[in-house]
Each structure stands twice: as C-alpha cells, then as structure tokens.
Amino acid sequence: MELSEYVQRGCQMLADPGCFDLGAFALLLRAAFRSLLEARADEAALDHPDLKHIDPMVLKHSHAALATCILEAGKQKADKSTLSTCLEDCKFDRERIELFCTEYQKNKISLEILLGSIGRCPLLITDVSWRLQYQIKTNQLHKLYRPSYLVTLNVEKEDSVSHPDISFNCTMEQLQDLVGKLKDAAKSLERATQI
Amino acid sequence: MEEADRILIHSLRQAGSAIPEDVQSLRAFTAELAVAAVVGCLQVLRPSLSSGLTPHLPPGMSARFRLGMSLAQACSDLGYPRELGYQSFLYPSEPDLRQLLLFLAERLPPDPAQESTQPSVGESAILLQAIGARVRELLAEPWVPPALRPQKHQDHVRPKALHVQPFILPNAKSLQDASEVQEFQGGPLVAPAPAQIPCRAGRVASFLEEHGAQLHELPEGDSTRDADKAHRRHLAPRLVEQLRQSWGQAVSSTSGVPAPGRDLGELLCGWGPGSGEPRGKGSRFTHAEKFTFAQEEEATHVPPLAPAEVPSLLSPLSPSHLEQELRAGQEAELASLQDHLELMGRSIKEAGATVKRLTLSTGQVEAEAQQAWLSTTEREQARRLKRRAVDLLPDAPSNLAKLQVVVEASAQRVIHLASQWERHRVPLLAEYRALKKRRDQRELESSHKAAELQVLQECVCAAAAEARRKEGLYKQLVAELDTLPGDMARSAYTHRILEIVGSIRKQKEEITKILSDTKLLQKEINALTGKLDRTFAVTDELVFKDAKKDDSVRKAYKYLAALHENCSQLIQTIEDTGTILREVRDLEEQIETETGKKTLSNLEKILEDYRAVRQENAGLLGRVHEA
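These protein sequences, in sequence, are chains A and B.
If you number the first sequence the way the UniProt record's numbering does, the last residue is 195 and the count never jumps.
If you number the second sequence the way the UniProt record's numbering does, the last residue is 627 and the count never jumps.
Just so you know, these hints were derived from the structure itself, not from any lab.
All figures in this text were calculated on a predicted structure; none of them were measured in a lab.
Once the Cα atoms are required to be at most 25 Å apart in a straight line, the calculated PhoX-like pairs of lysine-lysine come out as: (1) K106(A) <-> K80(A); (2) K519(B) <-> K508(B); (3) K506(B) <-> K519(B); (4) K91(A) <-> K75(A); (5) K91(A) <-> K470(B); (6) K108(A) <-> K75(A); (7) K91(A) <-> K449(B); (8) K75(A) <-> K106(A); (9) K80(A) <-> K470(B); (10) K475(B) <-> K80(A); (11) K470(B) <-> K77(A); (12) K91(A) <-> K77(A); (13) K470(B) <-> K75(A); (14) K80(A) <-> K91(A); (15) K80(A) <-> K108(A); (16) K558(B) <-> K531(B); (17) K77(A) <-> K106(A); (18) K555(B) <-> K545(B); (19) K436(B) <-> K449(B); (20) K77(A) <-> K108(A); (21) K558(B) <-> K545(B); (22) K545(B) <-> K531(B); (23) K475(B) <-> K77(A); (24) K475(B) <-> K75(A).
Assemble the whole structure, with the sequences as input and the hints as a guide.
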C-alpha cells in the first residue's frame, strides 16, 4: 500500500503523541470513518471539545490524510499485516495501529459496500424471446421477401428501479453478426480463464 | 523397478508425505514410512476420512493394530481390490506395498502447478492469473434470481456513476502558503475535507482520485486548483494587453474629449471575443459606441443627436419630428452639462495642483524655521557660557584655583571610575568569551549530530526501500518457483518414460524373435512327425503285405510295430519331462513369491503381536482388578 507524501505527513502528525494524545487520536479516527460512511458528512465533526486545543490546520490535514488512508486500505483490500507495515512507516506506535485495525475491521464491510457502489455495472440479461417476421413488401419496394427478427432481451429487474426490456429488430445477417460477437466474447472469456 | 519406485516416491512426496531424501526405492521402506506415505495419500484423497489418522506409528501394540486396521479399511473403501490387513502396513512386503502405493498414487489429483505448461513471468502474469481464477470462479457460479440471491454488497446501494470533485485540502507545515491562506484554511469557512462534497460516493471517488494524482505527481500540478492557477497566470498578461490596446484605441478615437459611459463600452468590446478583429464585425455594443463617437465629433458643428435616434435617422421615414426636437434639446442640454462638468473637473484639478504647491512651500518654510530655532538655542548656550566666564572675571586667581580643584577632582573621579569599570569589565569579558566558546562548541556538536541523524535517516529509508523491493522480488520468485520444479520433474519423467518405452520395445523384439524361433521349431517338429507317420504307414503297408507270406517278415513287422510304439512312448516321456520341468519352474517361482511375502515370519510376528496385545489386555485387566 503506497501513500502519497501529503497523506504520510498527515499520518506522521497523527502519530506524534505531542500533537495528538491517544484519546484525541481515537476521536479523530472515529470521526474519519463516520465522515466517510455517513450519507451526510458532518461539518462539525472536528468541533469536539477534546480536539479544541489542536491547531485546526493540523486537525484538518490529519483528518483528510486519515480518510485517504482508510479508503486506500479498503481499495487494496489490505489485511492486518499490510496495514501495520504501512502505518509503521508513518511512525505509528503499537496502540494506535491496534486501534486503527480494530476500527477498520469493524467498518470493513460497509467500506467495501461503499467502494463497490462507485461506478455502474451493465444490465444483466436473463432471457431472450424472439419472433420471426417475413416482409413481403414495403412502401418503397414492391417485393422484398426478406425475413427479419424481432428480438427482446429481458433484463434483470431490481426491486428499486426497473429498466425496460431491450427490444430491437434486425435482419438475418445482423443477427448472425450479433451471435458471432457473443461467441467471440464467450471465447475470450474462456481464454482468460485458461491463463 | 528403481525408476518406477523413484517416480512413485516423488509423487508421494508431492502428496505431502515426509519421505527422507536418501530413500530411493520401496525396499528401503520401513513400517513407519509406509504408514506415513499411505496416510499422506489418504489425506489428499479423503480429507474427511483421514482426519483421525496420524502419520506416526503409536507406541502401543493395540493402537498400532487399530491404526493398521483403519488404514486397511480406508484403502478397501477406495476400491483396492486385493486383500489388506493391518500386517500389510506394519510388516510391509515390497511387492504388496508397491501395488498399494501405485493404486493410491494413480488416484492422486494432478498437481495444479504441473498443469500450467506456461511458466509465469513477472507481475502482469500473476495478475492475469488472478483475473483468470476470478473469472473461472464467476463462470462456475450458477445464476440465481435476484430475490433469492444472498445479500451481496452491490445490492445494498445502487451503483452511482464515478464523479470527481476537487477538495480544498488544508496543508499544515507548508511554508509557501501565506499566513492569510493558512488562516482561511484553518478557519470555519473551510469545512473538513470529507464534508466538502455532499454526495457519499463522490466523496470517496474524489479522495481516491486526489490520492492517485498526488501519487503520480501530474505535470499540471497535484489538482485542478493548481491547473486553474496556472491558467490564470497564463491569462493575465493577455488580459492586460487587451485592456491597454482598447484604451489606446479609445484615446485616439475621441480626440481628447472624455465621454462618460464610453469607457465601459470600450472595455466590454475589449473583453469580447471578436476584439482582435476589425470593428465592422463587432457586437451590438461596438455599434452603439461607434454611434456615440460619431455624434460627439459632430457635436461641435451640428446639434447633437441621441444615440438611440441614429438608427431612426438612417431610415428616412421617421415617425414624429416633435419628439425628435425634444430629444435634440435634451441632447444639447446634456452636452452643455458635460462641458460644464468638464470645466469644473479641470478647475478642481488646478485647485488640487495649487494646494499641492502650497503644501510643499509650507513644508519648506517649516524646515527653515526649525533650523533657525536650532541655531538660536546654540547661540543661547554659547552666550550663557560666556556670561559665566565674564562673571568669574573679577576674582580671577581664586576662581581659577577653585576651578583647578574642581577639574582635579573630576579627573580623579574619572580615573577612579575607569579603574572600577576595568575591574568589572575583565571578569565579564572573560565570562563572555567562555560562554561564546561553549556556544560555538555546542553549535558544532549539534550540527555534527544533525548530520549524523540525517545520514541515519537516509540509511533507514534506503533499507526500508530495499526491504520492500526484496519482498516484492521474493514474492515474484516464489510465484515463479511454484511453476518451475513441476516442469523439471515432468521433463525428467517424460525422459525416463521414453527410456522405459525404448527398453520395452527392445524386449518385445526379443520376445518376438524367440516366438518365431519356437514357431519354426514347432513347424519342424510337425514336419518330422508327419514324415515319420507317412514313412511308418508306407513301411507298415509294405511289411504287412509281405508278412502274410513270410514268417520272418511277420517277425520284422512285429518288431517294427514295437519300435514305433517304443519311440512314441519315448517322445511322450520327453514331452512329459518338459511339462514337469515347466511346472517345477512355476512352482519355484511361486515359492519365491511366497517366501517374498514372508508369510511365516509375518505369521510369527502376528503371533507375537497377538501375545503382546494379550499381555497388554492382561495388564489392563489386572489394573482394573486392582482398582
């Protein structure tokens, strides 16, 4: 786990017992987790009376650094040994590392949920239904005699939002093209598993 | 057999049995090793079944017996066709053990490391493997309707699009920032960094983005703020240049008569996007302004017109002349007022200049007065001194003596003070020097220590970096190592197998040669038998024909028949001998195998075991009775 210089500086300030005693550290740690995991970040998170004596610049810097550190750990799925090596690099002592690890374990699942919710995933297709129609003629052409497919892809319905099913009309060549592409995709997936 | 044993032992080692390196064939297997090997195989094949089995032989006879029985049971459960008892493990005979271990080794799952034919190189290969494994896992998962799906992470929160915003990150200990910036960032106006972005997902994404940018040190700066700053810095000279140009144009076009409201138009035209282009294609503002200028230039000759009227003047069909006149009047008034204003402004400027001049002269006069006063006080002092001297003149000698005394006394006092000062000064000076020296020394020491500290810190950093690098290297090497030995063993095995196949082919050739020899021999024998039969038949017929006539011939015939019979008997005997010999050989082989099985000694051992178990039981019973 690699941390930027800004974050490292913030963490080193946190590790300094002259700057933050253990109680203040625990308070700030909890505030950092809360401010990340709660839907509305509390602007007054740092207005605790026990944190009053600390320089607000240092406080804010450390807060931001701690939040970044937590997120980075969640992103890397860091285990305890990785975390403690990383924090030892920032001159954390044993007690603080222990505190950080327990707090991290406590919030790990919600952190993972939060990180997993960033970005969007494509729709899941669960079923397909199709109809074959035969066009004899159109307004422009007197005789056409061509088959065409009406395909409907059923999309997995989530309870909160339902996406409409995807339906389209295509000729035989287009359908063959689609099928070929799908086969290609399946094959590449297969190949990826065989490495 | 040696080769086969070695392969077998290798596969047993891979299954996790601790077989010493010096054991190269099954002949060297002790009971301990046999049990360990079988338990190792069973642990791979039936993890649930072998949980109660230990690879080490227990000391008690009954416990040994139980272990052997459970091993035998497990092996026959796996489908081992032969008979197995506890003695097969405790007193292993080589062929039986080979059969059993071959049976188990065939059932071992293939080594996954050996499966991968492509040796992995580098971290990207490891990553690809991880991706492949994950995809395989996902492919193996069956589809479940969303309602039945176990609550997974993604289902709690709806996914949100990635959206990133910059933060205001307070930076303590940054020296470049002015104190106002620090005050602002530390103050209540700037919320703590997470609270700056209301949306949760956006907050998280922004943090990660910010950190990524910090890590990679983007050339534009570490965030968008810096990019903005740089852009602004770049823009500023251009803006100033534009303003200056537009100002120059304004001055040249208005012939020195400043008009209110014109500067704004000029400025705005300068700000506009088409400022560099010729006027003709300018904005509406430019047009309006142009009209104003034209009208002002005409103002000296013709009655001025309102700018709003200009478009209507251009079109000859204007509606009302009355209104036009009114407007003209207003415009004239406006122009006169502007003139007036201009006049007033000029007079104010003149007055200002006068005031400035007057202030300057006042300052001069004040300085002169000060000088005069100073010279006056000087002269006054001189006068007072002279006055004292004149007062003392009448009684000059006595006064002179008095003065002399006073001078003497003051000289004495001065000397006294000087000596006193010297007395105080010397120790202080010495002390000062000593302190200075000590301070210098300390400074030197501290600088030395600081340098040492820095060196140490660098060492620590370097060591940490080295350690990290080596760890990474170690991981990579371990990953590579996993794939290597399997491959080597594989190639060695294929080599050996090929050799074995070659020797088998040679043996097969020999066998076919012997077979063809046998066949040839058989054919010869057959041919000889046929010839004999035919010869005998012909002789028999000839002799039989003559036998009716001649008595001696009859005798000869009898002999012939006897000869034939005896010969066939002889052949039969030889054949029987061959069969018996073969049987003997078979039996010898059988005896050998039976002796190989060491049945008798095994039986004795088993009897001994039986006795030991009985003894143990008797001891236990005795103890029970005692209890």
